[in-house]
Structures are given as C-alpha cells and as structure tokens.
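*Asks:* For reference, the chains in residue letters:
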Amino acid sequence: MSEAFEVVAGETRGRAAVVRVRGRLDSGGVQVLLAHTSKVLAANQNLVLNLSAVTFLGSSGVGALLVTVELFREHRHEVRIAEASQAVMMVIQVLNLEPFLPLEPSEEAALSKLAA
Amino acid sequence: MKPVWSLRWIVTGAAMVLVGGSVAGVSAVYDRAASQAISTQVEAALLLRARQLAGAASGALLTDFPELTLHPLLRDLGQRQHELALLVVHDRDGIVHGHPDVRALGTRFTRPAGLVDVPTREELAPGESLARNGELLIASTPVLHPRGGILGVVWVGLPQGHLGHLLAEARARQRLGFAGFAGGSMIIALLLVSRMLRPLGEVRAGIARIAGGDLDSPLRIRDRTELGRLAQAVNDMAARLKRAQAEMLERERLATEMGLARRLQRSLLPREGRSAARFRIEGEQWAASEVGGDWYDVIEREDGKLAIAVADVAGKGLAGCLVAAMLAALVRGLRDVECSPATLLAAVDRALGETLPAGSFVTLWYGVLDPASGELVFASAGHNPPLLRRADGRIEWPRSTGIPLAAIRGGAVARTLRDETLRLLPGDVLVQYTDGLNEAFAAEGEEIFGLERMAAATGAAAPRGARAIVEELHAAVTAWRAGGGAHDDETVVVLHHEMATAPGDDHDATASGNGGRTPAQDHAGESAVGGNGAADAGALLAEARRRGGALRLPATLEALEGLRAWTRRQDGLGRDDAARVELALHEVCANIVEHGYRGTPDGALELWWLPESEGTAGGRFVILDQAWPFRADNWTASDFADPEVRRRGRGFGLDILHRVMADVRYEQVAAEGNVTILRFAGASSGAGEVVRDV
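Protein chains in written order, with numbering that gives the first Met the number 0: chain R, 0 to 115; chain B, 0 to 693.
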C-alpha cells in the first residue's frame, strides 16, 4: 500500500483557506503541496494546514513547510499548522523548529487565531 | 500655519491713510493762512471805516455845533454795524462830539486801557494806530484840518469776540470742505488701488490651488502690469509640473513593466541543474540591462529522454518575454507528441507564424538526449551551432540547416529543417548559447569575445564539470567586457558526459558506455579511501553480513517506505527510537537514491542494524550502495533562526541525520562499494543533539 501524498480536501472559512493533506510528505509530495499553497496565497487568503493525516515528514517536507510560512509572511499573510500528526511533531522536535512553525491543536483554534 | 497677509488690502489701507493724511496736512496749512487773511481783512476794514469817519468829521469839527452832523451819522452807522463796540469822534481837548449814544456827547473821552499796538501790514499815516486790548481791536485816526493840524481823533473798535466768531465760521466751512475732499479721495484711493491689486488675490488663490495639486486651472489675469507677467509665469510653472508628473508616472509604469518582464523571464527558466545517468546539464542566464527574450529549458520526456531547448527571441522588453513564454508553452506541449526535433520545430513554426507580429522571428535550437546511450538528435531553426568539445580536446561545431521560426510565414520554414545526430561520449561537453555570449563587445574597441575564446574557456573548466564550465564562461565574458554594459541577454546551457574514471586517470576516455556497471564498481580496482577507516568498514560489513537481517531496497523513493516496518522490527529499538531512526535513515537513503544513483534504473541499497551488546544501549546502522560516492565534507548545521535559511527550505536532511545519529561516517570498501556507518546512541541518552555554535 503506497501512502502517496495527496491533498484530501479544502474549504474556505472567511479569509482563510483550510487545506487537509495526507500521506507521506517527502520530495515527491512537496511539489503538490506547494502548488496548493501557492494558489491559496494567490487568492489573498491565509492558510490553515491540517497535517493530522501525514504519516511521514522528511527533510524536504519540513523544508516546504518553512518555505510556505516564510512566503506567506513576506506577502503579509499567515499560516497555521493544525493537528500536526505524531510524525510531523517528531521532525519538528528533532530540529527544534517550534519557534518557526505556528502550531495549533485544532482547525478551530487556528481559524480563531487567524480571525483575531 | 501662519495666516497670509493680504498685500492688496495692506497697500490699499496705506494709500487711504496717506491720502487722508495729506489732505489733513494741507487743510492745517490752509487753515493758518486763511486765519491770517481774515484778520488782516478785518483790520483793514476797521481802519478804512475810521478814515472814512475822519474825513466826514473834518468838516463837522470846524462848525460851532459838530454834534448836529456827527451824531446822526454815528447813530446810523452804529445801527447798521452792531458789531462796532466803539465809535467815537472827539476834539483836540478830548471832548466827545460824535457818538451813537446821545448821552455820551460832551463828556470827556477815556482812552481804553491796556492797548497794545497790533503789528499790521497796513500803512499807518502819522497819528494813526491799530491796537488791541483784551476786549477790543481799535483803529484810531486823527481828524485833520484842511490846512493841516489835528482837529480831533476818530476811534473805531471791534470786540475780539467778533473776530474770533468770524474765524470760527470760516474755519468750519473750510473744514467741511476738506473733510469732504479727504473722504472722497480716500474712497477713490480705496477703489483704485484695491482694483489695481485685485490680480494679487487671484494669484494667491491660484497658487493655493497648485499647492493643493490642481494643475489644470490656469490663472486668468490679463493685466498688463508685472502681476500679469507673474500670473503667466505661474501658469507656465504649473504646466511644466504637470508634464514632469506625467513623465514620472510613465517612467514608473515602465519600471513596473520591466520588473514584471524580468520576473516572467526568470520564471520560465529551470531552477537548477539536472542529472540523468552520467550526464550533468547546467544552464544559466544573465539578463542584460534591458530585459530581452532569450529562453532555455531542459525538460524530461515521458520516454525518459531529455529535451533541451535554447532560443533567442528578436525583441526586447515585455513583448520579448511574452513570446518566450509562448515558446515555452509550445515546446513543453509538443515534447512528448513529436519525436523528431525537426517536426517539433515545424509545429512550433506553424503556431508562431499565426500569432507573432509581422517581422518578428525566433531562432530555436532543440535537441533530444538519450542519457543511457549518449545519443543526441537535434535540429536548429536559425540558431548558432553549439560548441562540442570532445574528451581529447578536439573542437567541433555540429550544424543543422534551418532558418528562424516565423522568418517566412506559411510553412516555408519547415522545409529547411533537418534532424542531425551525434553521440556524446564520456568526457564530451556540448555548449549551446545565445549570441549575447560570443558577441559580447570588449570595453574598448569593437572586438567581440568570439568562438575561439569560448572554446578555450570551456576547455579550461571541462575537468571540473558542467557548473564550472557555465561559471567559467560567464567570468571570461564579464572580464572581456571589463565593465562595459551587456547589450543582450547571455544564455548558456552545458551538457557534460561525466567520466566514469576519476579525473587525471589515464583510463581509456573514449570507452563507449559502461555496459551497465555502476560508478562504485568502476572504482573497485583502486585502493579504498581513508586507509584505516576503510579497513574497519570492511570488517564491519563482513560482521553485518554474518549476522544477517538485512533490508534490501531498490533505489527509488517509493521503496523507502519499507524503512518503517523494518525499523519497528529491530531489536533494541523502542517505538520512539524506531521512529527517529526511520527519519534519519530515510534522509541518508534518499540522498543515495537522488544524488548517488541519479536515476540509474538498477541501483539498490542494503541496510543492516548492529545493536550493541547486552547492557549497552544503541548500535550501528550499516548501509551499502554502489552509486556515486557522497561527499559530506563542509557540512555545517543549519541556523534555522536565519530567515534566509528557512526561505531556502532545503538541505535539512543532514541536520536531521546528525541530530538523530551520534556519529556518521562514509567509507569506500574495495569490491563492495560505498559504506555509510551511522552510530545510534538511543534517544534517552540525548545523543545526536548537534552543538550549533561550532
């Protein structure tokens, strides 16, 4: 069974777009993720990225997350990562990236932080 | 903000004050003169009256009864001129013979007291006097005998009050007149000056408008004075400002357009070099000061071959970039449809011919490389032939006929295109470029960089690989230009067939292909790098093989998913440890797959886990591959606090590796391949944390 990376669903809530992904986020999936997040940025929205179904996060995946956060910041928008899975949290802890990736326990929490 | 004073009203006010003041001054002077005149007049009249009486009294005093003549005379006079306060005629002895009042006749006359002579212009005869005291102004004249001798004196007097009264009357009349005059003058001054200065108000309003940004309403002053000129100057200034504003907006618009064009152009180019089998393809573009329409791309085809395109669009600015964008789309769209470069170029020509403006054309070189065999099929539509430098240093310029796309419309271009084939052997370098490179002008003089210098620079950098060649060419051209600006975009694409053997080795460089052997196996005959380390690695590998339990994976990213199950199964690794270890192993293996094997289809990896003996936590992972050796020197930990590092978003695999593993070593073992040894000390011991400020 291949856990290919895919974007499962997405919706717009106010000025934020919620994007849910699943699978293994390594160098193959990074392109797909960046394509989706670029569309969100182009639509002038903030981003809530639900990573609860990510089963693996490699170096290119975490790099893509950092790049996305920086890119959105440059354009004066925000990204919140909601419900990071255990795989995601492990990489973030190994690299001590907590200060650089805005994590929220739930989509709702992320959306209310963005609306504020 | 300080209030602005109105010059117009200041000047008008001053004019009125001046006029009023002048009139008042004149009036004062006139006043004095008039008073003088009136006094003199009154004195003269008085004296005259006295003389007249003296003349009449002369005859009367010679008679026996002068009163009979004089009394009625004086009584009538007194009645006619009430103001005369004194009217007396008396003889030599002072006896009054003439008086308006009958009872005074025959009395002795008393001179009024305190008489002081009045200075006068009138000529006084001897005995005459004009004098005043506190109450009266008196004129006296002697009455003369016809044969000489004084018979008597006439006294005529006016009260001072009367004179004062006269003066006051005159003064009042005069003052009224002057006041009227002053008032009228001031009004005229007001009207005249304020009217003349009205344009100032207009100028002030106009300047306020311009300061507020309104450059479109000129001042309407048709004055013939300096104010009219001032208004004209202000209007001219506003018009110039407006023009300058429009020019600036235009410049900004152009700069924005240029910025967009530059970004668009950049976005059409490959972001990084590419490897396929033993080929390395690097490209770069250096934009001229004005954005041009150069384009290049390296694209993978469905059949695994690589398509390489280099184009020069004749046209600058945004227009050139848009044509380049069109080209990019067309070539990408057709690369899997058309097998032959010539037919692809013909199809692009048809599409371009319909959309390009008349007179525009594009030179395009298109080649399809089979990385496995090194065969390159190419066609050229008017583009310069590439430089081909063989491994032994020979230089060739492989040509293909063809005129530029859309040079002639209607499909004629297709008939001139032809496929050519060549074979790139190990050590060969193919350089395709646009004429911004070889036609770069020297700083002084008209000599161009030229093809020979290009070949020389390529040869100098060839041993160091494709990227080095790209940079050497740019450095050489930049040095050639020596500070002069670039007129054209400089684009270069380098295909390098890397040698299987180490550089400087004198193996046969023209061996065709490798018969499926991998690079590490080619190194087999050489002594292993690192002496002791390699021997230890060999021993460790033997030990690993003895213990068994290896994981064998094909060298693909998908296969790495198998690491999860395998790490969970290993003895001595708790669940958390297994997860961290899987992460680190994934990074190492992904490196080997992507950079070591670089798409070679039959690569494989083997992994072993060698736990420490009982009682000691942790163990070692041994990974064996036969790919290009990985050079991990010069690695430094990423500083995530640096936003640039985060923006790059790449290269974090080694950070993960070094944080999870306590020790990382790369060795090469003869006849085996590359051996990577990772020592894992267990998460609980806090191993693998990298000290960042090394």
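The set of hints was computed from the structure by calculation and includes no laboratory data.
Possibly wrong hints are sitting among the right ones.
Unchecked claim - If we take Cβ atoms under 8 angstroms as the criterion, some of the chain B residues that face chain R in the derived model are: (1) 556; (2) 574; (3) 578; (4) 582; (5) 585; (6) 589; (7) 646; (8) 654; (9) 659.
Backbone N, C-alpha and C define an ideal beta-carbon position, used for all residues, glycine too.
*Asks:* Would you list, in rising numerical order, the hints stated earlier that this structure does not obey?
*Replies:* 2
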